[in-house]
Amino acid sequence: MIEIQNLTKKFHSLTALQQISCRIDTGSIYGLVGSNGAGKSTLLRVLAGVYRPDGGTVLIDGTPPFEHPHTKGRIFFVPDFAYFFPQSNMDDIADLYSRLYPGWDAKRYEQLCSIFPISRKDKIINMSKGMQRQVALTTALSTRPDYLLLDEVFDGLDPVIRQLLKRLLSDEVTERQMTILIASHNLRELEDLCDHVGLLHKGGILFDRELDDLKLGIHKIQAILKPMPDISAFNGLDILNYTVRGSLINFVARGSKQEILQKLETFQPIFSEVLPLTLEEVFISEMEVAGYDIDNILS
Amino acid sequence: MTSTTSSANQKHSAANNPFTLYLWSLKQIRGVAILYLAILLIAIPIILLLVLGSVRDTKNYTENLFSAYHEYMGVIFTFAIQPLAILLSLIFTILLFGYMQKKRSVDLFHALPISRTRLFLSRYFAGLSALLAPLCLVSLIAEIVRLAYNIDSVSTSRIMLRLNPTYLPSCMLLIAAAYTFSVFLTVCSGTTFDAVMSILVISFTYPLMTFMGRVCAGLTIPGMMPFRDDGISLGDMLLSPYFGALLATTTFKGDFAYHIWWGFFTIAVFAGALLLYRRRASECAESHFAFPIPKITVRFIATFAAALCCGLLFLLLIGNKSGYFFMGAFLGSICTHLIAEGIYSRGFKQLGKSFLFYGGFVVVFAAMFASFSFGFFGYDTRIPALSEIESANVEISGYRYGFTVNSYSSKQGVPSEALAEVSPRVDDPQKAIDLHQELISLNRLEKYPYIIDHSTSKDITITYQLKNGQTISRYYSSYNFPEGTDYSGLMEKLNAILALPEYYQDSQAIFYFDADAIDSIDVNGENGLTGTHTLTSEQQEALLAALQEDTRDSIPQFDANYGYLYTGSQQELVDTNVETASAYSIYLNISPFVPKNEKLKALVGDYQGRVEISCSNYYNLAPYPKTFALLKDWGWVGQS
Numbered sequence: 001m002i003e004i005q006n007l008t009k010k011f012h013s014l015t016a017l018q019q020i021s022c023r024i025d026t027g028s029i030y031g032l033v034g035s036n037g038a039g040k041s042t043l044l045r046v047l048a049g050v051y052r053p054d055g056g057t058v059l060i061d062g063t064p065p066f067e068h069p070h071t072k073g074r075i076f077f078v079p080d081f082a083y084f085f086p087q088s089n090m091d092d093i094a095d096l097y098s099r100l101y102p103g104w105d106a107k108r109y110e111q112l113c114s115i116f117p118i119s120r121k122d123k124i125i126n127m128s129k130g131m132q133r134q135v136a137l138t139t140a141l142s143t144r145p146d147y148l149l150l151d152e153v154f155d156g157l158d159p160v161i162r163q164l165l166k167r168l169l170s171d172e173v174t175e176r177q178m179t180i181l182i183a184s185h186n187l188r189e190l191e192d193l194c195d196h197v198g199l200l201h202k203g204g205i206l207f208d209r210e211l212d213d214l215k216l217g218i219h220k221i222q223a224i225l226k227p228m229p230d231i232s233a234f235n236g237l238d239i240l241n242y243t244v245r246g247s248l249i250n251f252v253a254r255g256s257k258q259e260i261l262q263k264l265e266t267f268q269p270i271f272s273e274v275l276p277l278t279l280e281e282v283f284i285s286e287m288e289v290a291g292y293d294i295d296n297i298l299s
Numbered sequence: 300m301t302s303t304t305s306s307a308n309q310k311h312s313a314a315n316n317p318f319t320l321y322l323w324s325l326k327q328i329r330g331v332a333i334l335y336l337a338i339l340l341i342a343i344p345i346i347l348l349l350v351l352g353s354v355r356d357t358k359n360y361t362e363n364l365f366s367a368y369h370e371y372m373g374v375i376f377t378f379a380i381q382p383l384a385i386l387l388s389l390i391f392t393i394l395l396f397g398y399m400q401k402k403r404s405v406d407l408f409h410a411l412p413i414s415r416t417r418l419f420l421s422r423y424f425a426g427l428s429a430l431l432a433p434l435c436l437v438s439l440i441a442e443i444v445r446l447a448y449n450i451d452s453v454s455t456s457r458i459m460l461r462l463n464p465t466y467l468p469s470c471m472l473l474i475a476a477a478y479t480f481s482v483f484l485t486v487c488s489g490t491t492f493d494a495v496m497s498i499l500v501i502s503f504t505y506p507l508m509t510f511m512g513r514v515c516a517g518l519t520i521p522g523m524m525p526f527r528d529d530g531i532s533l534g535d536m537l538l539s540p541y542f543g544a545l546l547a548t549t550t551f552k553g554d555f556a557y558h559i560w561w562g563f564f565t566i567a568v569f570a571g572a573l574l575l576y577r578r579r580a581s582e583c584a585e586s587h588f589a590f591p592i593p594k595i596t597v598r599f600i601a602t603f604a605a606a607l608c609c610g611l612l613f614l615l616l617i618g619n620k621s622g623y624f625f626m627g628a629f630l631g632s633i634c635t636h637l638i639a640e641g642i643y644s645r646g647f648k649q650l651g652k653s654f655l656f657y658g659g660f661v662v663v664f665a666a667m668f669a670s671f672s673f674g675f676f677g678y679d680t681r682i683p684a685l686s687e688i689e690s691a692n693v694e695i696s697g698y699r700y701g702f703t704v705n706s707y708s709s710k711q712g713v714p715s716e717a718l719a720e721v722s723p724r725v726d727d728p729q730k731a732i733d734l735h736q737e738l739i740s741l742n743r744l745e746k747y748p749y750i751i752d753h754s755t756s757k758d759i760t761i762t763y764q765l766k767n768g769q770t771i772s773r774y775y776s777s778y779n780f781p782e783g784t785d786y787s788g789l790m791e792k793l794n795a796i797l798a799l800p801e802y803y804q805d806s807q808a809i810f811y812f813d814a815d816a817i818d819s820i821d822v823n824g825e826n827g828l829t830g831t832h833t834l835t836s837e838q839q840e841a842l843l844a845a846l847q848e849d850t851r852d853s854i855p856q857f858d859a860n861y862g863y864l865y866t867g868s869q870q871e872l873v874d875t876n877v878e879t880a881s882a883y884s885i886y887l888n889i890s891p892f893v894p895k896n897e898k899l900k901a902l903v904g905d906y907q908g909r910v911e912i913s914c915s916n917y918y919n920l921a922p923y924p925k926t927f928a929l930l931k932d933w934g935w936v937g938q939s
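If you read the protein sequences in the order shown, they are chains A and B.
My numbering puts the first residue of the first sequence at 1, with every later residue one more than the last.
My numbering puts the first residue of the second sequence at 300, with every later residue one more than the last.
The hints are simulated quantities; they were obtained by calculation from the structure and are not laboratory data.
Hints may contain errors.
Stated by the list, open to error - Capping the alpha-carbon separation at 35 Å, the derived lysine-lysine pairs in DSBU-like fashion look like this:
#1 A:K202 x A:K215
#2 A:K202 x A:K226
#3 A:K123 x B:K401
#4 A:K129 x B:K898
#5 A:K121 x B:K766
#6 A:K10 x A:K129
#7 B:K652 x B:K730
#8 A:K10 x B:K401
#9 B:K401 x A:K129
#10 B:K931 x A:K10
#11 B:K898 x B:K931
#12 A:K202 x A:K263
#13 B:K757 x B:K652
#14 B:K746 x B:K620
#15 B:K402 x A:K10
#16 A:K166 x B:K402
#17 A:K166 x A:K121
#18 B:K757 x A:K202
#19 B:K900 x B:K766
#20 B:K652 x A:K202
#21 B:K898 x A:K107
#22 B:K652 x A:K10
#23 A:K226 x A:K257
#24 B:K326 x A:K129
#25 B:K326 x A:K107
#26 A:K123 x B:K746
#27 A:K215 x A:K129
#28 B:K401 x B:K757
#29 B:K900 x A:K123
#30 B:K792 x B:K898
#31 B:K620 x B:K792
#32 A:K166 x B:K401
Make the full structure from the sequences, and use the hints.
Written out as structure tokens, the structure reads:
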């Protein structure tokens, strides 16, 4: 389990993380979203033991990662732009990791090498960005980490590899209770993978929820009403936002689907339907209610 | 949440192997290390064997082999192996520690499940062993070759490699110091560029600063010498191991302080680098610096060196006034400060703040010159107490005194050996103290507070050997005082020294020659060489006697205005034949000889072979009336 308490990280005068607190349970896939510069990568680096926190605590199963090799041996961090040694190929990297990571699984490495379409003997430096990312993921998963920290991991991967990766990650979580923390500014990528999401903005966590709770308790309704009642007529519904275009009303409301539809029926709509919300739409709605300029945050 | 498997446990033990990272780091630099070793192996033994194989002269085969071996080893170590090792210490530093200066690589290294201490030590020792192991190997091979050819290991030539038990460790210590220093500055720097620049700038400017500082002090403080002839001292390289290592062969003195300093320096810098690395923030990669030590130190030293250099340049080129010196110092320092600020801060956004630092520099610089002006904390007036002095000596430049007796061997490659050294002595230290006190009084009266002045040539050296083993030397100018200065006190003390029998007469080489050693003389007139004359044994005796008598009669003395006082017969010569006599000079051609006279025998002791006396054999005949008369009788001079 990852426990973060009042975590602060500063870069000279810039505060990258400001008193962050959250808890990530073992075996969960936590999506960390936010705009560029929100502090996602910084948080991952603190968790990976690369950065030393300036305040607060970060505990991974009760131990801070910074300067604790035993703890770091159970974590693997795949950064946005992974570094590879000049002139090295994937087997060289595997050789190094096999000597350093206690969980290295040679059989798994062979397996992954056969799954990902990359050559083990080619120089990594000559590979495309997507292939380099596959090298990083292959070696990362071969270390059998208990905690996998991924930064913008889907960037540069083609759709087939993305799906393959999502399946591999889900399998690892199911089989080994691996905990995954994925930082991304792309909510759509996380939607079908994560079970928990947190929104970082300007160094603070604005939002931290179970994805199911989030999606099941919020609905988007489209209806044609004649005559169009005043918005105050919908009192009793927890409406997050709404738009009216002529006789067409769109709104997002919290609550059960049945409860919302029952209320709508009292206006005898000509047409009504409940639409599924994408994760992005859920976030936009929630953030607007919280008073944030969401276009700016998720731009 | 347990995922550790049995195979993982096996791997865990591998991860704990302390040599895993070390070997992996070595693997990373193996390309350059192999190239380094290959170059060394070409030099030793391949070229060495070719050089030794080319020695053909069977007559002096052993001597030629000895020369060939030692000359080659001296040259190859001084001009190839050591510079190469120095260059590689920088390259290995960049290859092994450059990772901490790139954000991407630092992510990888600092996320690895190893402590920073272990990571640092593994990489540090990988670099160190890659530097030193090939050096040990080729030295060992060179020693095997030497033994195989039965070449004597003793070499006294200055440039030759001293294959004694302390030389190679000393050389390796310097290279280790240079490498450790590079690692330290790399840990402190944010980028590789800053690290390399800091290493190079401090290596170059620190010796420059100490040298120029000494020159300025010597040009300001009476008693201090601006340019000493004892070569580069340890103080000139205290913070510049690259400079020290580069000159290790030629400056190595093998003294205790030398080893102690570099040993201490290496350990201190290593400990500092390790401590700072453990505290270094990963996010410092690609930033201006991780710790401000190099920025502050390098900028201060470079600014100081530039101030001294430009100040002296202005003093020499524009005018010998302290105002010009300080103007040059200001321009040099401000330019260097601005350049350093632009480079270290990547612009001038913090220029305003940086002037706080410049202000600090100005205060230190001004304080230093104020201390020079007021005698450098009593340096200008320090005279040891008579009870502290073991012996004293005074050197007055421009007068013929002192010589060295060396052994002579006709065998090529067999070096000569100094058998005796005769210097002018002042048996009564009080005489030296009196002269010293007079010079101090004169300087205090006429020049205090002191200002920098490059026209002062220091012609009097007073040296005290103290009973505690220390040596105190002071250097003074006997003239160059303001017009109207009363020299009478100084001349009185100077004449008292010159009149001492042990000072002037006993230190003249002419009293130690055997007459038959003078093979011939070259006589020079106004227009150069007029003839070379071989002497008969009678002529040899007569010439030596005349020279000795003239020398005995020609003790230099000065009047109150520092005018040279001639003796009666000298004055007569000057008065009557001055143009003729002063136009002639002779040069004695003296072959190595076996000493016969008792004075020389006493000097060389048990030595039975031929000797050479190292001294000036040139005599201008103006103050040598008897010699001039003798040569005139023989018709070799005065035939206008």
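A quick look at each hint next to the structure:
Between the alpha carbons of K202 of chain A and K215 of chain A the distance comes to roughly 25 Å, so the proposed pair stays at or under 35 Å and holds. For the proposed pair K202 of chain A and K226 of chain A, the alpha carbon gap of about 44 Å is over 35 Å, so the pair is violated. Our distance criterion of 35 Å between C-alpha atoms is met by K123 of chain A and K401 of chain B, whose separation comes to about 20 Å. Only pairs whose Cα atoms come within 35 Å are accepted, and K129 of chain A paired with K898 of chain B is rejected, the gap being roughly 90 Å.
At roughly 75 Å between alpha-carbon atoms, K121 of chain A and K766 of chain B are farther apart than 35 Å, so this suggested pair is violated. For the hint pairing K10 of chain A with K129 of chain A, the CA-to-CA distance comes to about 30 Å; that is within 35 Å, so the pair holds. A C-alpha spacing of about 57 Å is found between K652 of chain B and K730 of chain B, which places the hinted pair above 35 Å, so the restraint is violated. For the hint pairing K10 of chain A with K401 of chain B, the CA-to-CA distance comes to about 19 Å; that is within 35 Å, so the pair holds.
Only pairs whose Cα atoms come within 35 Å are accepted, and K401 of chain B paired with K129 of chain A is accepted, the gap being roughly 18 Å. Annotation: proposed proximity of K931 of chain B to K10 of chain A is violated, straight-line Cα distance about 95 Å (limit 35 Å). Restraint check for K898 of chain B and K931 of chain B: satisfied, since their Cα atoms lie roughly 30 Å apart, inside the 35 Å limit. Only pairs whose Cα atoms come within 35 Å are accepted, and K202 of chain A paired with K263 of chain A is rejected, the gap being roughly 39 Å.
Pair hint K757 of chain B plus K652 of chain B does not hold up; C-alpha atoms about 44 Å apart against a cutoff of 35 Å. Distance hint between K746 of chain B and K620 of chain B is fulfilled; the C-alpha atoms sit about 14 Å from each other, no more than 35 Å. For the given pair, K402 of chain B sits about 16 Å from K10 of chain A by alpha-carbon distance, which is consistent with the 35 Å threshold. Proximity of K166 of chain A to K402 of chain B is assessed by CA-CA distance (about 28 Å); at most 35 Å being required, the pair is judged to hold.
At roughly 26 Å between alpha-carbon atoms, K166 of chain A and K121 of chain A fall within 35 Å of each other, so this suggested pair holds. Restraint check: the Cα-Cα separation between K757 of chain B and K202 of chain A comes to about 71 Å, which exceeds 35 Å; the hinted pair is violated. For the hint linking K900 of chain B to K766 of chain B, the alpha-carbon distance of about 30 Å falls within 35 Å, and the restraint holds. A threshold of 35 Å between alpha carbons decides the hint, and for K652 of chain B with K202 of chain A the separation of about 29 Å falls inside it, so the pair holds.
As the CA atoms of K898 of chain B and K107 of chain A are separated by approximately 93 Å, the hinted pair breaks the 35 Å bound. Note on K652 of chain B and K10 of chain A: the hinted pairing holds, with a Cα-Cα distance of about 22 Å set against a maximum of 35 Å. Restraint check for K226 of chain A and K257 of chain A: the C-alpha separation of about 22 Å stays at or below 35 Å, so the hint holds. At roughly 26 Å between alpha-carbon atoms, K326 of chain B and K129 of chain A fall within 35 Å of each other, so this suggested pair holds.
For the suggested pair K326 of chain B and K107 of chain A, the alpha carbons sit about 25 Å apart, so the restraint of at most 35 Å is met. For the proposed pair K123 of chain A and K746 of chain B, the alpha carbon gap of about 74 Å is over 35 Å, so the pair is violated. Proximity of K215 of chain A to K129 of chain A is assessed by CA-CA distance (about 34 Å); at most 35 Å being required, the pair is judged to hold. Distance hint between K401 of chain B and K757 of chain B is unfulfilled; the C-alpha atoms sit about 55 Å from each other, more than 35 Å.
As the CA atoms of K900 of chain B and K123 of chain A are separated by approximately 79 Å, the hinted pair breaks the 35 Å bound. About 29 Å separates the Cα atoms of K792 of chain B and K898 of chain B, which keeps this hinted pair within 35 Å; it holds. In summary, the hint linking K620 of chain B to K792 of chain B is supported, as the alpha carbons are separated by about 31 Å, within the 35 Å threshold. Note on K166 of chain A and K401 of chain B: the hinted pairing holds, with a Cα-Cα distance of about 30 Å set against a maximum of 35 Å.
Checked against the numbered hints above, the structure breaks hints 2, 4, 5, 7, 10, 12, 13, 18, 21, 26, 28 and 29 and satisfies the rest.
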